[in-house]
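J.: Below, each chain spelled out in residue letters.
Number of protein chains: 2
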Amino acid sequence: MATGKTDFPVANIRRYLEPGLIVLVSSAWRGKTNIMTMGWHTVMEFSPSLVGCMISGGNHSFSLIRRSGECVINVPTTALTGKVVGIGNCSGTTVDKFKKFKLTAEPAQEVNAPLIRECYANFECKLKDDALVDRYNFFIFEVVKAHVARRPKYPQTLHYTGDGMFMVSGKIISRRSQFKPEML
Amino acid sequence: MATGKTDFPVANIRRYLEPGLIVLVSSAWRGKTNIMTMGWHTVMEFSPSLVGCMISGGNHSFSLIRRSGECVINVPTTALTGKVVGIGNCSGTTVDKFKKFKLTAEPAQEVNAPLIRECYANFECKLKDDALVDRYNFFIFEVVKAHVARRPKYPQTLHYTGDGMFMVSGKIISRRSQFKPEML
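Protein chains in written order, with our numbering: chain A, 1 to 184; chain B, 185 to 368.
No lab work stands behind these hints: they were computed from the structure.
Treat the hints with care, as some may be off.
Pair by pair, the computed Cβ-Cβ distance ranges are [stated by the list, open to error]: (1) B:Arg-334 <-> A:Glu-106: 44 to 50 Å; (2) A:Thr-104 <-> B:Ile-356: 26 to 32 Å; (3) A:Lys-102 <-> B:Phe-363: 48 to 54 Å; (4) B:Ile-356 <-> A:Glu-106: 49 to 55 Å.
Derived pair list, reagent style BS3-like, types lysine-lysine, alpha-carbon separation capped at 25 Å [said to hold, decoys possible]: (5) A:Lys-153 <-> A:Lys-171; (6) A:Lys-180 <-> A:Lys-32; (7) A:Lys-153 <-> B:Lys-355; (8) A:Lys-153 <-> A:Lys-180; (9) A:Lys-180 <-> A:Lys-126; (10) B:Lys-283 <-> A:Lys-180; (11) A:Lys-171 <-> B:Lys-355; (12) A:Lys-100 <-> B:Lys-364.
All values derive from a computational prediction rather than experimental measurement.
Ideal placement from N, C-alpha and C gives every residue a C-beta, glycine not left out.
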């Protein structure tokens, strides 16, 4: 499976490295809300709970989040695939995305940005460090409150691989017995 | 599926947000090599091709990568699951991981760190920005050369969810027709 490798364009490696979870980022500023689809993010620390996110300056959400210093990271499942794609293919400058995509904005507890009720999980975030925002559009958020659905234990999530193709989460396997307790 | 949400410990949100790809990072410094398992990374830019990676200061690989300013990000498939777990549960300070896990170190083209032949893809990386290394152990690399196996088109990859459990990549679905060309 690892034979016959070819040179591959470095600008296209997202095809392989990216398939992290696709999330919906909701934000609010002065009475206006927005939602964006995001695929470029990473967990950075357990406690404080830090998440690094790439939010392009070209996105309408960028200014709402830059100004409010807050957002909610919402985890959609495959039940929302059509909405996820639609949200990623229009701009909040001209569209009220909660209205257009029939999603429910619920009040969060720690931030002014709304939760998306239909998503499996909602993570309320406060901007922790903007040191790399100007250079890379890279925001470091602290997750200050998390809401997760009780079921299913492993939701069917979407993972974007570029070119309009998504990988859907597959089976869960345990290798727990091979881990040192401190490495779990 | 999104009803009955409960409060969830913010320190444990990796369970949901993390399932990006598990990769093996190979490195070299003054004749010594090492391999580490990594799950916290994000694509940051297409061109230059940038990838941000969390490499804890407690890892033996941290000093090799910090000193050499180079690494290779290798993409393992489920064929290597046992080795991936083993590599993540021992330290390069006492173990020659290429030898112990019977992996083949191949010369890279642009960096001194070795490729892992058995992996599906290998991305040669040079350190681009260490501004957040001291504060967060966050390295920004530029991928300067990429090698990808010709087959299969969609490899079966591993995605860690914490607690010794991995999600295996599932089916591929296309929503290409719903994308604006510039959003693909």
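J.: Which hint numbers doesn't this structure obey?
T.: Hints 3, 4, 6, 9 contradicted; others consistent.
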